[in-house]
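**Q** Single-letter residue listing:
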Amino acid sequence: MSRAARVIVAAFAALAVAMVVSLSAQPGAGRFATVDLYVASDMPVAAWQVELTETGGAMQIVGIERGDDATFRDPPFYDRVVLERAQTDRIVLASFSLSAADRLPRGRVRIARLHVRTTGTAQPDYEARLVAAGAADGSPIGARLTVETQPER
Amino acid sequence: MAHPNVASRVVRGLTALSIGVALAVLVACSSGAPYPVSGGASGGSAASSDGSEEIVVTGSRVGSSTSSGRFSVRERQAAVAAVAPANAQPAGRLFQGSAPGGSKLLSQVQPGEEIWVIQTAAAEADSVDDSSPGSGTMLALVAPSRGAETTQVPLPLRHTDVHAVVTGYVSAVDVTQQFENPYDEKIEAVYLFPLPEKAAVNEFVMTIGERKIRGILREKEEAQRIYEDARAQGYRASLLVQHRPNIFEQKVANIEPGKRIDVNIRYFNTLAYEDGWYAFVFPTVVGPRYNPQGSSDPVAAFPRTEFREPATGTAVRYLRPSERSAHDIGISVELDAGVAIEEIAASHEVATRRDGESRAHVELASGNTMPNRDFVLRFRVAGDTIKSNLLTYTDARTQQGYFTLLVYPPAAPTASRRQSVEMVFVVDTSGSMAGEPIAQARAAINSALDKLERGDTFQIMNFSNEVRQFASRPLPATWDNIERARDYVRRLGGEGGTEMLSGIRAALGFPRDAERTRYVVFLTDGYIGNETEILGEVQRTIGDARIFSFGVGNAVNRYLLDELATEGRGTAAYLALDDSASAVMDYYFERISRPALTDVAIDWGAFAATDVYPARLPDLLAGRPVIVTGKFRGNVGDVRVHGRLGTEPVVFAIDAARDAQQPALSSLWARLRIEDLVRQQTRAGDVDGGYATAIRATALEYSLMSAYTSFVAVDASERTSGDRGTTVNQAVPVPQGVRYGTVVTDR
Numbered sequence: 001m002s003r004a005a006r007v008i009v010a011a012f013a014a015l016a017v018a019m020v021v022s023l024s025a026q027p028g029a030g031r032f033a034t035v036d037l038y039v040a041s042d043m044p045v046a047a048w049q050v051e052l053t054e055t056g057g058a059m060q061i062v063g064i065e066r067g068d069d070a071t072f073r074d075p076p077f078y079d080r081v082v083l084e085r086a087q088t089d090r091i092v093l094a095s096f097s098l099s100a101a102d103r104l105p106r107g108r109v110r111i112a113r114l115h116v117r118t119t120g121t122a123q124p125d126y127e128a129r130l131v132a133a134g135a136a137d138g139s140p141i142g143a144r145l146t147v148e149t150q151p152e153r
Numbered sequence: 154m155a156h157p158n159v160a161s162r163v164v165r166g167l168t169a170l171s172i173g174v175a176l177a178v179l180v181a182c183s184s185g186a187p188y189p190v191s192g193g194a195s196g197g198s199a200a201s202s203d204g205s206e207e208i209v210v211t212g213s214r215v216g217s218s219t220s221s222g223r224f225s226v227r228e229r230q231a232a233v234a235a236v237a238p239a240n241a242q243p244a245g246r247l248f249q250g251s252a253p254g255g256s257k258l259l260s261q262v263q264p265g266e267e268i269w270v271i272q273t274a275a276a277e278a279d280s281v282d283d284s285s286p287g288s289g290t291m292l293a294l295v296a297p298s299r300g301a302e303t304t305q306v307p308l309p310l311r312h313t314d315v316h317a318v319v320t321g322y323v324s325a326v327d328v329t330q331q332f333e334n335p336y337d338e339k340i341e342a343v344y345l346f347p348l349p350e351k352a353a354v355n356e357f358v359m360t361i362g363e364r365k366i367r368g369i370l371r372e373k374e375e376a377q378r379i380y381e382d383a384r385a386q387g388y389r390a391s392l393l394v395q396h397r398p399n400i401f402e403q404k405v406a407n408i409e410p411g412k413r414i415d416v417n418i419r420y421f422n423t424l425a426y427e428d429g430w431y432a433f434v435f436p437t438v439v440g441p442r443y444n445p446q447g448s449s450d451p452v453a454a455f456p457r458t459e460f461r462e463p464a465t466g467t468a469v470r471y472l473r474p475s476e477r478s479a480h481d482i483g484i485s486v487e488l489d490a491g492v493a494i495e496e497i498a499a500s501h502e503v504a505t506r507r508d509g510e511s512r513a514h515v516e517l518a519s520g521n522t523m524p525n526r527d528f529v530l531r532f533r534v535a536g537d538t539i540k541s542n543l544l545t546y547t548d549a550r551t552q553q554g555y556f557t558l559l560v561y562p563p564a565a566p567t568a569s570r571r572q573s574v575e576m577v578f579v580v581d582t583s584g585s586m587a588g589e590p591i592a593q594a595r596a597a598i599n600s601a602l603d604k605l606e607r608g609d610t611f612q613i614m615n616f617s618n619e620v621r622q623f624a625s626r627p628l629p630a631t632w633d634n635i636e637r638a639r640d641y642v643r644r645l646g647g648e649g650g651t652e653m654l655s656g657i658r659a660a661l662g663f664p665r666d667a668e669r670t671r672y673v674v675f676l677t678d679g680y681i682g683n684e685t686e687i688l689g690e691v692q693r694t695i696g697d698a699r700i701f702s703f704g705v706g707n708a709v710n711r712y713l714l715d716e717l718a719t720e721g722r723g724t725a726a727y728l729a730l731d732d733s734a735s736a737v738m739d740y741y742f743e744r745i746s747r748p749a750l751t752d753v754a755i756d757w758g759a760f761a762a763t764d765v766y767p768a769r770l771p772d773l774l775a776g777r778p779v780i781v782t783g784k785f786r787g788n789v790g791d792v793r794v795h796g797r798l799g800t801e802p803v804v805f806a807i808d809a810a811r812d813a814q815q816p817a818l819s820s821l822w823a824r825l826r827i828e829d830l831v832r833q834q835t836r837a838g839d840v841d842g843g844y845a846t847a848i849r850a851t852a853l854e855y856s857l858m859s860a861y862t863s864f865v866a867v868d869a870s871e872r873t874s875g876d877r878g879t880t881v882n883q884a885v886p887v888p889q890g891v892r893y894g895t896v897v898t899d900r
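Line by line, the protein sequences are chains Z and E. Each step along the first sequence adds one to the number in this note's numbering, with nothing skipped, and position 101 is 101. Each number in this note's numbering corresponds to the 1-based position in the second sequence with 153 added.
Because the hints were derived from the structure by calculation, they are not lab data. Warning: the hint list may mix true and false statements.
Said to hold, decoys possible - Selected chain Z positions facing chain E (Cβ under 7 Å, derived; list incomplete):
(1) F32
(2) I64
(3) G67
(4) D68
(5) P75
(6) H115
(7) T119
(8) R144
Claimed, not checked - In silico DMTMM-like links for lysine to aspartate or glutamate, alpha-carbon gap of 20 Å or less:
(9) E:K365 with Z:D42
(10) E:K784 with E:E801
(11) E:K365 with Z:D36
(12) E:K365 with E:E338
(13) E:K365 with Z:D74
(14) E:K373 with Z:D79
(15) E:K784 with E:D829
(16) E:K365 with Z:D125
Glycine is no exception: its CB is placed at the ideal position from the N, C-alpha and C atoms.
The task is simple: from the sequences and hints, build the whole structure.
**A** Below you can see the structure in the form of structure tokens.
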């Protein structure tokens with residue numbers, strides 16, 4: 001191996017090590033992931049409200065996206081319940097659709113995707129509560145909420 | 154054990170060093186010689202007088218870049234590694250070559266040839282933080298301009314779409330900015346843009362393809378941390394930051410080549426009203442600001458090719474007069490005045506479709522889409538119907554009521570002879586006023602001089618780098634003095650800086666005339682970056698004087714002009730370049746000729762209003778109502794306004810029949826509370842204390858943008874390949890009527 005080639009190899013090795021160390025040593029670096037919320041109901045769902053907390057570590061919600069059903073046109077609205085400088089968000093989400101009942105989703109459907117950033121070493125532990133679900137005429141309906149997390153990509 | 158930050162810094166330093174070494178070695182090995190940038194032979198570097206270096210690296214993908222719509226980006230680090238001081242060329246010379254062969258001057262570049270211009274600052278190379286915007290800025294490919302031909306500069310912002318719905322005197326406005334990466338590498342787009350100064354920005358959505366991601370409002374520093382973290386890890390993200398109540402910065406990270414990301418901003422606003430006319434205003438460009446030495450938070454005016462970030466504050470990049478970007482604007486307004494619309498007028502050519510007596514759809518005509526001047530849409534409503542206009546909203550969750558009320562002064566007779574005044578004209582003669590703006594200001598003063606009466610006194614002051622004045626003290630409005638004044642005005646030009654603070658001090662600082670009220674007529678485009686300092690000085694020195702501010706130009710700093718008038722208990726007026734200066738001055742004198750309603754107070758009765766803004770009601774000038782916004786818990790009842798018309802006490806009832814519910818009112822109220830807190834903060838000179846806490850808390854509670862809160866949105870579902878991408882600052886045209894050369898210094 002020529003001297004120049006050895007120098008190249010050494011430089012790249014130093015570069016690789018430094019980059020790995022640098023990434024892991026970045027102060028305040030968080031992990032990004034998505035959290036999907038599903039509602040299952042036998043009735044068409046026209047409106048819903050969900051409260052989400054995370055108890056295991058430090059979670060920040062960094063984006064809110066609507067679910068799979070296009071009749072809910074806009075991303076859900078939110079109300080940050082904890083407004084102070086909290087490590088972990090507690091958030092209330094809500095959305096509604098003005099579509100006719102026969103166009104509304106029923107069965108199990110993804111209603112929202114949350115984009116989150118977590119920090120610290122603890123694994124996130126999400127708690128979600130379905131505050132309300134309503135039919136097109138505004139009447140409350142029975143529904144079940146489940147949460148699925150997607151790993152960092 | 155080392156502090157983590159210190160360790161991190163050391164590691165980053167090692168990383169940078171490794172990259173530099175690796176690149177340098179690679180280059181040496183591949184060519185058998187140092188990178189071919191030696192003087193004039195191939196490629197090149199040029200050391201400019203300010204210590205910066207400009208390097209032109211020949212592209213290997215020579216072709217018709219402009220037709221393909223792809224442009225190349227190279228990282229600053231590569232340039233740094235490739236530069237050898239010994240290769241320095243005379244300042245400002247750019248070279249192009251077909252590496253490793255010969256070179257050409259830029260003027261010799263032919264259409265279709267590709268050049269990569271990478272600029273770095275040798276003097277600052279070690280101190281620049283690589284994570285800061287601009288650290289890897291690409292200076293876009295520019296074909297040599299020939300004659301007066303316009304050069305198209307590829308930049309990421311393609312289009313701004315504005316859709317407003319006006320209900321009564323409240324507007325809900327959706328602004329969508331479409332960013333698209335025209336380069337062949339990943340970028341971060343940065344765009345500094347204006348919004349109306351009282352806009353209550355409360356929604357932020359990032360759109361990627363069909364997916365819409367709602368942004369979250371957070372404390373400013375926290376939002377910036379999240380954004381930078383996402384950007385560094387390759388996630389698509391956007392961040393909205395407020396630099397002034399009317400200047401915002403949009404950042405969009407990790408836009409891949411050829412890909413598009415839209416950002417939607419929603420705000421509420423109230424419309425200004427004057428003599429039967431409502432005005433909807435949408436500003437399209439931030440004017441070039443002058444920042445006096447020592448400004449703590451400047452807004453600098455940089456040429457497009459300046460990649461370095463200012464040491465403090467922020468900067469707007471401007472296109473040269475011969476350059477254009479693809480950015481255009483579309484505006485549509487749905488009007489629902491609630492009462493008959495009698496007339497519609499606009500600053501731009503528009504297409505109007507009437508939809509009944511009180512409704513209309515107005516759209517900006519094609520061919521008028523260059524974003525270089527304010528869009529102003531006025532509509533006149535039927536005479537007396539606006540006198541009572543109460544809008545309310547009750548938050549279902551908190552049961553808190555919000556209201557906004559247009560308080561319209563009673564008709565006052567024109568006085569047979571107005572009170573004598575001491576008229577002090579203060580005109581901005583800085584560089585940005587050169588040309589058409591200063592001509593308009595001269596016309597306005599000349600027109601005002603015509604209207605001075607026996608018993609009045611007057612003074613003319615002008616400021617740029619320093620203050621000059623017509624006479625040593627205010628002179629009586631005699632024929633001789635007015636003629637001499639006209640001669641003085643004729644010689645006013647536009648040149649130099651904007652030391653407005655000196656102008657304010659000069660106008661308000663000299664001894665008061667016990668016989669006359671001082672009226673300060675301020676004529677300026679407001680292109681300064683030290684608004685807080687100016688407004689603080691006005692608060693301290695205004696005394697019983699009145700300020701009437703006149704914004705001269707087509708894209709003026711309305712925030713400064715409105716605040717000057719508010720602090721000075723006068724009004725602001727806007728004098729566009731194609732307006733009649735004499736008509737505007739006629740109107741102003743007509744207004745001050747009629748007695749204002751002073752000592753205004755409102756008896757809310759059973760309405761139980763609290764937290765009302767403006768906290769101190771201004772004098773009510775004829776034809777000019779004031780919008781009062783507050784909270785209430787009671788029932789609409791007998792609301793009465795007390796005041797004094799001249800020396801006579803006046804009481805009148807407001808027909809407070811409640812109008813339709815208006816959900817925007819809570820946001821509008823919160824925005825006014827923030828504005829009031831900012832005023833108090835300026836008065837107290839307390840930047841980080843209790844006022845900041847109160848502003849932050851209000852903004853977070855009502856989900857509003859402020860100086861202390863920002864919106865951030867991250868798409869965490871997918872990471873883009875590669876690193877954080879190169880920062881590209883969106884350059885904008887200078888406002889219409891402003892001369893580029895007088896406000897932007899090309900390097």
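**Q** Run through the hints listed earlier and report the numbers of any the structure violates, in increasing order.
**A** Violated hints (numbers, rising): 3, 4, 7, 8, 9, 10, 12, 16; every other hint is consistent with the structure.
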